[in-house]
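K.L.:
Model the full assembly from the supplied sequences, consistent with the hints where possible.
Residue numbering for the sequence shown follows our numbering, starting at 1 and increasing by one per position.
Where hints are given, some of them may not hold.
Claimed, not checked - Cβ-Cβ distance ranges computed for the label pairs, FRET-style: (1) 44 <-> 88: 17 to 23 Å; (2) 49 <-> 91: 18 to 24 Å; (3) 115 <-> 46: 21 to 27 Å; (4) 115 <-> 77: 20 to 26 Å.
By construction, these hints were calculated from the structure, which means they are not laboratory data.
Predicted, not measured: the structure shown is a model, and the values here were computed from it.
We put the beta carbon where it would ideally sit given N, CA and C, even for glycine.
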Amino acid sequence: MDSHEDHPDCRPFGKKKHILLQRPPMTFFHGIDSANMIGFLAGALTTVSFLPQIVKVLKTRDTRSLSVSMYGLFTLGVFLWLVYGWIVHSPPVIFYNALTFLLSAALLAAKIRWH
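P.N.:
Have a look at this one:
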């Protein structure tokens, strides 16, 4: 009698191979796959978007319009994305969430200090 777990749809979670991992990734730029390149581009754009707000806060020290609860939750969420990137070994997720965590934590600290 065959074990129920031998059926492909009934294998434990850890033994199934994700469908996206079954095909080799397209590569360019000396071996960096296209998914990571998109990740690096997306991370660069979203991380750089913080710079104008940081510059404005540092110049004016005006944090009245910043929500401490929004930046607190956002900073925690970015930290969790950083942990996730570490777990799944995703360089763009690790790199840009580390940078975004530092930037959002700096804005949160400025809000708490200068409010």
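K.L.:
So which of the earlier hints does this model not fit?
P.N.:
none
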